[in-house]
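Asks: Residue numbers (this note's numbering), protein chains in the order written: chain U, 1 to 452; chain S, 1 to 484.
Any given hint could turn out to be false.
Here chain S is said to cover these stretches of chain U; the calculated rule only asks that three of the stretch's residues, wherever they fall, bring their Cβ under 8 Å from a Cβ of chain S [what the hints assert, rightly or not]: (1) 333 to 340; (2) 348 to 360; (3) 369 to 376.
Residues from chain S that face chain U, not an exhaustive set, calculated with beta carbons under 7 Å [unchecked claim]: (4) Gly404; (5) Pro464; (6) Ala468.
Below are the EDC-like pairs computed for lysine to aspartate or glutamate, each with C-alpha atoms no more than 16 Å apart in a straight line [to be verified]: (7) S:Lys349 to S:Glu421; (8) S:Lys268 to S:Glu331; (9) S:Lys201 to S:Asp232; (10) S:Lys428 to U:Asp369; (11) S:Lys473 to S:Asp446; (12) U:Lys330 to S:Glu423; (13) S:Lys170 to S:Glu59; (14) S:Lys170 to S:Asp231; (15) S:Lys428 to U:Asp62.
Hints are computed from structural coordinates only; laboratory data are not their basis. This structure is a prediction, so every number in the text was calculated from the model and none was measured. Using N, Cα and C, we set each Cβ at its ideal position, and we do this for glycine too.
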Amino acid sequence: MNALKQYIDLFDESREIIEEQSPAILNTLRSSAREHLETARLPRKGSEDYEATDLEAVFAHDYGVNVNRLPFDADPSETFHCDVPNMSTCLYYTSNDAFHSSATAERNIGQVVVEPFSMAAVDYPELMEAYYGKLARMSDPTVALNSLLVQDGLLIYVPDGIVAERPIQLVNIFNAALDMMVQRRLLIVVGKNASIKLLACDHTQSADYRYLNNQVVEIVAMQGSTLDLYDMEESTPLTSRVSSIYVNQHEGSNVLIDGITLTNGFTRNNYHVEVNGEHAETHLLGMTIASGEQHVDSHTFISHNAPRCHSNEMFKYVLNDHAVGAFAGKILVQPGCPRVEAYQGNRNLCGAPTARMYTKPQLEIYTDDVMCSHGSAIGQLDEEALFYMRTRGIGIDEARRLLMQAFVADVIDGVRLDALKDRLHYLVEKRFAGTLSNCATCAAACRPSTKD
Amino acid sequence: MKETEKPEKGNQIIEEAAQAEYKYGFVTDIETEVIPKGLDEDVVRRISSLKGEPEWLLEFRLKAYRHWLTLKAPTWGHVHVPEINYQDISYYAAPRKKKEAKEIDPELKKTFDKLGIPLEEQMRLSGMAVDAVMDSVSVKTTYRERLAELGVIFCSMSEAVKDYPDLVRKYLGKVVPYTDNFYAALNSAVFSDGSFVYIPKGVRCPMELSTYFRINAAQTGQFERTLIVADDDAYVSYLEGCTAPMRDENQLHAAIVEIIVEDRAEVKYSTVQNWYPGDKDGKGGIYNLVTKRGLCRGDHSKLSWTQVETGSAITWKYPSCVLKGDHSVGEFYSVALTNNWQEADTGTKMIHLGKNSTSTIVSKGISAGHSQNSYRGMVKVAPQATGCRNFTQCDSLLLSDTSGAHTFPVIEVGNDTSVVEHEATTSKINEDQIFYCNQRGISTEDAVGLIVNGYAKEVMSKLPMEFAVEAQKLLSVSLEGAVG
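If we strip away everything but chain U, and leave its shape as in the complex, we get (with noise of 0.2 Å):
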């Protein structure tokens, strides 16, 4: 079997459709996709970096492909609200893989350029000309896919020396009457000494259908540049999600990028992070609460090719139920990079007996003077802890609900957005307490009190 070809006939089919609504930029990389599909597979369970998922059952699926670009009707900042109440951000939405704006989407004008690819390769192809598909690999068969089938996408550029006023915070929403798969890509630069924080959210709004969002998402940071990414998601058990973010650092970059899964079907991230310039700094963080039979698996590869950088990896799961969590990252360091500092992360909670944990961290070095670590646990709530608060009044889903939010709380505070930090601590909360079941009850838990 191969779930590829389905998708290849499709492109082979529509290909003058799909080029012919698409800036000339993304036609510039499908015939080599093509080349790249016609003898990838996607990986089975078990196979290198794959051990707890399997790639190919979740593309094997029927899904409809938006190839002629139909316009889904509704308009998502009418019908959503996902606002961090206290955050006054720079609002868009992605419906499907279909960009809008919002009227708050003016308030960073002048300083940060938020455009589709459609408008992009006009304002800005020199950009576009220049990073767009230049990070991610085509080795990968779902960024191949990804780049055979995408018709348009995001730029996000904030010019050198700019401080972006305000968060940037971009809503996915699925919201097709039928099985649907969208090709979202991202383009994020980041110019010399400017900073930006971007939030992006993924919800769907019909619990009935089943999404597939493959993703690629392309970071250049500049030098001294600085940026935040949350990476939320809220969907539904019948969403999947393939997410390839892959970074480029230069000298004194200061990237994180916080991936948070509360709600999902099945999701694999895939963190590709290329630390080129001396004195960067990077930090990943990852929070999964899982349940039912949520299946999360992330993995990270961070390879040191300068000195004197600074890594800072750390990924937390809660597995309760059937949930499938999975882990794996690699600290590379090349020869020559002195001075390096690199530290991993992974601390798991185990809550049911049919919940199952893989984890897998790995350091590659190739240079003595550095300092590097890596740490890894699966366990259960501690007993003890738990008997305290008992013998407190406190009753004993409540105690674990409290230790749980203890668990996962130090990477909420990684956070460095204040009123986020407390807005996923508050939605942490809720999802403990299983009242953050899908997004029909997150879209109202999420109007914010203030509205824009």
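Mind docking chain S on chain U? Use the hints.
Replies: Chain S alone, transformed into the frame defined by chain U:
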């Protein structure tokens, strides 16, 4: 860490060490009976008939050989095993028996004396029983009678096949089946000799059993097979140590060690491996591709692996524990030191199948020169294995900026009552500590020796006394001047 200049002396010491010759490289000149190079079914049959084996064992070998033909050599390790021409290896070499001689060949004895193996009187004084294996065939076994009084069987595998066929047949290939991997299949087809140990119920083996393996004849692959069975409530400590003479061409060593531990029994398996690592340019050296696995079959059984790996051009092995019995215990303590162009990819697997089974892994890697040193390990807790506990610590010490240290652990937990912890660090030798030692009149070389021995102490302390001394010497010798 402070930015300090590399000490001049350090460089000088490196050069001296790099030029140091392999201490144990010498060739014993005794006649050796060798089957011509090549491998086919006839060779397998010939090995079997030379050793006078029963039909079932020949069948076992043939099945393994046929399975091996279907396999390809694995390539997933962080080592570079060059393409091996299996038709260019001689699969059997035995010291030729001189009919009139009742004593050990004096040449052979000298070899062992050089290695410091006290075979005769010294043996008894040191209170160890040695089953000395030279190129695959057991030469002499001491203390056998004393052990026999207790019912302990300690003999070569070929003798065991003749004298205790039922026992061998019952246990052979049960822990490492011939289908396990490429090298296990090869070994199962052509294994020449090895040791067999059986400790009967309730017996505590009064002495440490020890075997020195030695690859001697040029271009002779060595395929030992060791089988240790500890019956209920038994205890044995088994020591294995290796040195090999200097050779220009690479030699292949694909051994199998199988251990079965029954109810409440305990087996302690210690290895000091110091085979020829190749010269300072990475020429020559042994390929050490070994499958070692123990099955803790009984409840409350315990298996402890301790290894000090300083030799071999390539070391690729994972002494593992299958913890099948409830409350069974698996331990793995390892020091792996690589220098020059050596490559080591070693670690362990702890497979928890029994309830409340526990395991401990302590791995210390030291990389110098241009070497690559990897820890690869797996801790797997099956869904039914509730209440399991694992602690893993693997540290790497880098002594040169051209060496590499890598960690590839895999952890799978299938229930909610088990706790698994893993931690790993990689760093350079602490310059402050060296400076501190220098201040007090300790040379840089001695300081490195001290620090590394301190770093490896946790593992060294698990070795039996006789080995600990040798291992400590080995570390210092292998490390001479490796500071950079």
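Asks: It remains to establish, for every hint, whether it holds in the given structure.
Replies: Comparing the hints with the structure gives:
no. : hint                 : in the structure
1   : 333 to 340           : holds (count 4)
2   : 348 to 360           : holds (count 12)
3   : 369 to 376           : holds (count 8)
4   : Gly404               : holds, 4 Å
5   : Pro464               : violated, 32 Å
6   : Ala468               : violated, 28 Å
7   : S:Lys349 to S:Glu421 : holds, 14 Å
8   : S:Lys268 to S:Glu331 : holds, 9 Å
9   : S:Lys201 to S:Asp232 : holds, 5 Å
10  : S:Lys428 to U:Asp369 : holds, 5 Å
11  : S:Lys473 to S:Asp446 : holds, 12 Å
12  : U:Lys330 to S:Glu423 : holds, 14 Å
13  : S:Lys170 to S:Glu59  : holds, 15 Å
14  : S:Lys170 to S:Asp231 : holds, 13 Å
15  : S:Lys428 to U:Asp62  : violated, 53 Å
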